[in-house]
Amino acid sequence: MRYAALDVTLNDRWASLYEESRPLLYRAAALMVGGAEAEEIVQETFERAMRNPSFFDEVREPVAWLRTVSARRALGRLRRHHLWERLLVRLAPADSTAEVWERADLAVALKNLPPRERVAVVLRYYQDASYEEIAEALGTATSSVGPMLSRARARIREALT
Amino acid sequence: MNTYEDRELAREIKTLAGQIPIPAGTVPQARGSTVARAVNLAGAMVVLVAAVGVASAIANLRASQQDGVGNPAASSSAPPTAPVAIAFPETALLAGTSDGFVYRIEGGQISGAPVNVCNSQSVLGLRLSPTGRSVLVICWGRNDGQVMVLDSTTLARRAGPLPAMPRDDVAAWAPDELSIAVLQSGSCEPPAPVCSVHLVLWEIASGATRVIRPDETLTFNVRWTSLGLSVSFMQPPQPGTLVWDGQAWRSYSDRRLWIADTGGRALLVQAGAGSIGGQVWERQGTQERQLSVSPTDTEYPVALDGDRALVWRDQPPGGAMVIYRGQQIERIVPVQGLCSSAQLVDRWLICGDSGSAALAYSLDSNQFARQPITGLNRFNVLIPVPKKQ
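These protein sequence lines are chains U and A, in that order. Positions 1 to 161 (this note's numbering) are the ones given, in order, by the first sequence. Positions 1 to 389 (this note's numbering) are the ones given, in order, by the second sequence.
Watch out, some of these pointers could steer you wrong.
[To be verified] Which residues of chain A face chain U? A partial, calculated answer using Cβ under 10 angstroms:
#, residue
1, 9
2, 17
3, 21
4, 106
5, 109
6, 110
7, 111
[To be verified] These stretches of chain U come out as covered by chain A in the derived footprint (C-beta under 8 angstroms, 3 or more residues):
#, stretch
8, 21-28
9, 103-110
10, 117-126
Hint data in this document are derived by calculation from the structure and do not stem from the laboratory. Please read these numbers as outputs of a predicted model, since none were measured by experiment. Here a beta-carbon is modelled for each residue, glycine too, at the ideal position from N, C-alpha and C.
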């Protein structure tokens, strides 16, 4: 009974964390990789977190952890997409099945950013991540985050004018 | 967020994100947890399913409510459109745009020809001189920005350009109007983690500059208040604000100074690295006390009015003017638009943020007035200026 009670509490915590963080994680993932793959990123991120039975004891800021891991997963997918796009001839317009929001000028500008810049921009401007968090998610130096965001902003600005 | 451009991009991305519909979802099945495996019993599963079901139902309900209406973090508090019934005050305005032009506006109409002050780069900031005769323009640039001084009536150039950091908070007029404090780019040699900046005093008449703070990193928030010239620093070992009395710098607060009145009362901001707004504090003498109630709110000091403190609360895509008296909220006035900075004219606060219509807040009636500007779809910055004589 003691174990059962403990596990109920644990599951409550997962359910609560899921409810709290999913909208933000889903939308961030959608901005990074597109709506079609956003749910998979969220699911993979939670599955990875739930593999650790001591997650809530070891992770001080669960939402920040989820944000970082989902960003890394999105970056991995974007890199694979990027590679395929360079190798394959595109058979159909990429946005033929795009949702309405994905056809917005800003969404298109984001989509055309290099993968790392795209992830950095979403982390910074949608999820309010610090430079340190962005650096951790991208596996880069904190000092490179500012210039990267600056380049991304310039590309977005050019795309929108 | 550091700059106007940062904040604007954040707003646009959050607005875009708000249009992304969230499908129904359930929390994934836990894997690998020994506790979870050990108690994978019917009783526990019933509770788990119930918990997930409730969470899922709430998520679905919220998703269906939120589709297309905004950022989930902000949608519950997104302000309604406040009725704007009062007339906009009679004042001339200067507007700076993202394509580098400065427009003079009178009665909601463009007056005279706009001037391409920033060589087609964004106008980041406009600062009216203490007498209102001149205006300092801060221009964006890919590597470096620049500042220059214009006649506020004719828009003819009086001084500059002078290289400056491409941010909106890098320059401030001296009270005597003879000089301007400007942050400029400093050394930027690897492996320095970030480039440093230095603060110069720019004498308008001669064009001469004098370094008054040497190269340092993460310096920003240049202001010239009744306390003196001040700059803020973002991170340890020296976070907070230093004030210069013309001779020496002294530590003023661990927080960032924004506004001070002649009685020594001031409004400060405590924010994380890289953010402009944050938690607003009030200082009287040496005592500092927090005004912002919720740690999740992002607020910006706007003005001090007697014993009231006016603070803008950001709630994208709009926000609200929050009036504090003591540590109590006296009223909250929501509006569609932005007013995180403002200039006082005859008991009106003329909002200086980007928008498609001018906004002004009446200190007497506690309402916003709105004035569309014919022929100008959007501006980056806006300030009131004296009317032509």
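Hints and how they fare:
no., hint, in the structure
1, 9, "holds (5 angstroms)"
2, 17, "holds (4 angstroms)"
3, 21, "holds (7 angstroms)"
4, 106, "violated (28 angstroms)"
5, 109, "violated (26 angstroms)"
6, 110, "violated (21 angstroms)"
7, 111, "violated (26 angstroms)"
8, 21-28, "holds (count 6)"
9, 103-110, "holds (count 4)"
10, 117-126, "holds (count 5)"
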